[in-house]
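Quick mapping for you: the protein sequence lines, in order, are chains A and B.
The first sequence runs 1 to 579 under this note's numbering.
The second sequence runs 1 to 281 under this note's numbering.
Covered stretches of chain B, going by a simulated chain A footprint (3 or more residues, C-beta under 8 Å):
no. : region
1   : 37–43
2   : 55–69
3   : 101–107
4   : 253–266
Derived from the structure by calculation, the hints contain no laboratory data.
Since this is a predicted model, take the numbers as computed values, not measurements.
Even glycine gets a Cβ: it sits at the ideal position worked out from N, Cα and C.
If you want the building blocks of each chain, they are given just below.
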Amino acid sequence: MPKTDFVVRIGGDTAKDPGIITTGEIITHAAAQSGLHIYTFKTFPAEIKGGQALFQVRIADYILLSQGDAVDVLVVFSREAYELNAPDLAEDAILIYDSGNFQPEPVTNRIDYGVPLAEIAQNQVGSLLSKNIVAIGVLTAILGIPREVMAKTIGEQFGARGRAIVETNLKALDAGIDYVNQNKIKPADYIFQPITPLPKLVLDGNEAVSLGAIVAGMKVFAGYPITPASDILHFMQRELPKFGGDALQTEDEISAISLAIGASFAGKKSMTATSGPGFSLMVESINLAAMAEIPLVIVDVQRGGASTGMPTKMAQGDLNIALYGVHNESPRIVIGLTSVEDSFYGIIRAFNLAEIYQTPVVVLSDQYLAPRKATINEPDLEEIEIIDRMIPSKEQLKNYRRYKITASGISPMAIPGIENGAYIAEGIEHNEMSAPAYTPQIHAEMTRKRFKKLETLTSSIYVDEFVRRYGHEYPEIGIIGWGSSEGVIREAVSKAEIKGGKVAALHPKLLNPLPVKHIMEFVRPLRRIIVPEANYTGQFAALLRDRCGINPIQLNKDVGLPFTPGEILAKIEEVAETL
Amino acid sequence: MAQRAAKDYRGSIKPIWCPGCGHYGILSAIYQGFSNLNLNPSEVVVVSGIGCSGRLPGYLRTYGFHGVHGRALPLATGVKIANPKLTVLVAGGDGDSYSIGAGHIPHAARRNADLTYIVMNNGVYSLTKGQHSPTSSPQLLSKQTQLRPLQDALNPIAFAVACDVSFVARGYSHARNELADLIIQAIQHKGFALIDVLSPCPTFNRVQTSDFYRNNIVPIASNHDAADKFQAFIWANETGKIPVGIFYKVRKPTLQERLEERRIQSGREEMSMRNLFEKFY
Numbered sequence: 001m002p003k004t005d006f007v008v009r010i011g012g013d014t015a016k017d018p019g020i021i022t023t024g025e026i027i028t029h030a031a032a033q034s035g036l037h038i039y040t041f042k043t044f045p046a047e048i049k050g051g052q053a054l055f056q057v058r059i060a061d062y063i064l065l066s067q068g069d070a071v072d073v074l075v076v077f078s079r080e081a082y083e084l085n086a087p088d089l090a091e092d093a094i095l096i097y098d099s100g101n102f103q104p105e106p107v108t109n110r111i112d113y114g115v116p117l118a119e120i121a122q123n124q125v126g127s128l129l130s131k132n133i134v135a136i137g138v139l140t141a142i143l144g145i146p147r148e149v150m151a152k153t154i155g156e157q158f159g160a161r162g163r164a165i166v167e168t169n170l171k172a173l174d175a176g177i178d179y180v181n182q183n184k185i186k187p188a189d190y191i192f193q194p195i196t197p198l199p200k201l202v203l204d205g206n207e208a209v210s211l212g213a214i215v216a217g218m219k220v221f222a223g224y225p226i227t228p229a230s231d232i233l234h235f236m237q238r239e240l241p242k243f244g245g246d247a248l249q250t251e252d253e254i255s256a257i258s259l260a261i262g263a264s265f266a267g268k269k270s271m272t273a274t275s276g277p278g279f280s281l282m283v284e285s286i287n288l289a290a291m292a293e294i295p296l297v298i299v300d301v302q303r304g305g306a307s308t309g310m311p312t313k314m315a316q317g318d319l320n321i322a323l324y325g326v327h328n329e330s331p332r333i334v335i336g337l338t339s340v341e342d343s344f345y346g347i348i349r350a351f352n353l354a355e356i357y358q359t360p361v362v363v364l365s366d367q368y369l370a371p372r373k374a375t376i377n378e379p380d381l382e383e384i385e386i387i388d389r390m391i392p393s394k395e396q397l398k399n400y401r402r403y404k405i406t407a408s409g410i411s412p413m414a415i416p417g418i419e420n421g422a423y424i425a426e427g428i429e430h431n432e433m434s435a436p437a438y439t440p441q442i443h444a445e446m447t448r449k450r451f452k453k454l455e456t457l458t459s460s461i462y463v464d465e466f467v468r469r470y471g472h473e474y475p476e477i478g479i480i481g482w483g484s485s486e487g488v489i490r491e492a493v494s495k496a497e498i499k500g501g502k503v504a505a506l507h508p509k510l511l512n513p514l515p516v517k518h519i520m521e522f523v524r525p526l527r528r529i530i531v532p533e534a535n536y537t538g539q540f541a542a543l544l545r546d547r548c549g550i551n552p553i554q555l556n557k558d559v560g561l562p563f564t565p566g567e568i569l570a571k572i573e574e575v576a577e578t579l
Numbered sequence: 001m002a003q004r005a006a007k008d009y010r011g012s013i014k015p016i017w018c019p020g021c022g023h024y025g026i027l028s029a030i031y032q033g034f035s036n037l038n039l040n041p042s043e044v045v046v047v048s049g050i051g052c053s054g055r056l057p058g059y060l061r062t063y064g065f066h067g068v069h070g071r072a073l074p075l076a077t078g079v080k081i082a083n084p085k086l087t088v089l090v091a092g093g094d095g096d097s098y099s100i101g102a103g104h105i106p107h108a109a110r111r112n113a114d115l116t117y118i119v120m121n122n123g124v125y126s127l128t129k130g131q132h133s134p135t136s137s138p139q140l141l142s143k144q145t146q147l148r149p150l151q152d153a154l155n156p157i158a159f160a161v162a163c164d165v166s167f168v169a170r171g172y173s174h175a176r177n178e179l180a181d182l183i184i185q186a187i188q189h190k191g192f193a194l195i196d197v198l199s200p201c202p203t204f205n206r207v208q209t210s211d212f213y214r215n216n217i218v219p220i221a222s223n224h225d226a227a228d229k230f231q232a233f234i235w236a237n238e239t240g241k242i243p244v245g246i247f248y249k250v251r252k253p254t255l256q257e258r259l260e261e262r263r264i265q266s267g268r269e270e271m272s273m274r275n276l277f278e279k280f281y
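Turn these sequences into a full structure, and let the hints steer you where they fit.
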């Protein structure tokens, strides 16, 4: 039976084989334009040039939840790339390699196609650089991608660089296709059948966050360059002015978050985006925003390792700092984004919560989610709820108290320019009138008021939107995950169910305040609980022990790479043995 | 609108400053300057950091933001970006502005947001009881340690001129009318204005006292050309007396003007969310 779900990977050295990422993106766009679903995964070396990179795309005619387990088609230009990627190949994989460069040892069941990629590029196309596109030609023929689809994508990719460049690349495409036809290489038994495309957007996680923020009504963005969050800064600098907003690159992360806080105080929805090291610099100001009750969204695109660590690698290591990165105590909301689509809707929810509760919202993305592309249906803007902060009424302005103690903890927020609303946004402990005050009674009351907002959120209708459950109705084994591993876990759970396992998963997207009630309902029938997370110590597992009094089995992977469905499935099977 | 009096800007909170503190003079000069310009208190934001200076916003009837130590400039920049119609005044002490927050001054100058920065320079950390600051006199014995400063004093005027702050002035807290006049000119200046205000601390600074300043400050010569950066440097590095007045003043594009130009260049008129989505088909 032909495969309708397969993984294509291109691997190589970014200095010797330039264009690896572009090549992968061309295949991705050809698939997306054909109406197929895609799920990409890439790794980069941290160096500007040189080092091994890979681009991988999973293509299917149904919605994809993960990058997949094994590689079905691998394209490599050198022995080094071959050796690095060979262990990830499926048993019946197709290997396309540059036969002018090296000769791999044959492996049973694997189909190897040696194509002199560089030689064809040099001799037939007249440009060694076009060897990637020759490889695309080979893939186009082997996968049965209609030539016109690929030619259109190449035209779009290189169009800006002039007619001649497009012609050269189309020549390379045809040279690759011709080689397959002339040598009678058998097409793969895969389906790449264009289906009628719905209007779909091809976005990566950072783009989804950026679009969502603009839809949410963000008008001021400030950031400082840092991998892997910089793309959000670039996006905002290009696009935000078109919507009447302003984006700035500041002198450091402290300035970025301070600027965002100032702008929000003055009435504009604002955001900053960073990664771990920058987030560390921001914690003092997050505390200020919580104390002064300023709505604010902070995106942390997590990366691997402590300190400078591994800027281009994946981790879920910033949960603790997101939850607890503060001196003393102040309320904040923490959201974990789970997919590209969720990045779009999640950031809108983050702005809504920041506005309603007038407190900072930390949004956790990561290096796995931020750069990977996926197709999402075009959002229906009419259906999206956008909420703005509560400002004082005329009546409330008669004897205005900015930090008035209320049942919900929320007090109407005046904006500079509003007559009779003048107040001091205070980082120092203060009374209802925003005057400095530290009596035991005032501190106790104001602390309770600020934290009351989280209780109000916990008992609100919003919490249900943040919890997803899937899998068996009466499970024995349950998985509780957070952040970008949702799709991988979900795929593992479906596979386990097919094998007859009584397995279910719960994925809370709200990490503070934690939806404890939902978690307790989920764990009640369980005999075993597994918590997979991409960090060393098990930060989420520790949170669950603390807040829910449960003791999950930890599955930690801290190598700079995301989980695969197979790894989660293996753990499920291992735990099932102990039942 | 009737002319507002200085007292119309006075807040309800009583200052925590010690009797004889120079900061009272600065606060009065601000009231006077605001009154002279007849600013609507609802359209003024006063932003501060931490220290004796940090309490200033609470003593006015305007909007205010009392933020963390050293970050008043970026906070104020955000306020101004969000609503350019507001008059934004920033207050800092010599520790807040020239030590923990000094890294923001060059970049505030590069952005040239339309802010008025008043540095209440008393040459000592007073709220924390007398440690040396970046502008402490080499003769100042710290009250707690009875030691002189280990580090040289910073020349804030030369620093500001070197950073190309587009309006650089020095005032003296006890010369209230002259200071009010500097504040008025700084607010009227389009761009980032820094006024270093010498403000004696009677509690912790027994060197840079009001007697010392009375004998040592001199006005900058009336023929000084404030557009001349080299002349400004010469005045900033004057070693005998302490000159007060406007050292440097240039007109360069403000942050608001730069951002507005970006918006025009970006062709905002045609943009809708749908157009943006289409880029990702």
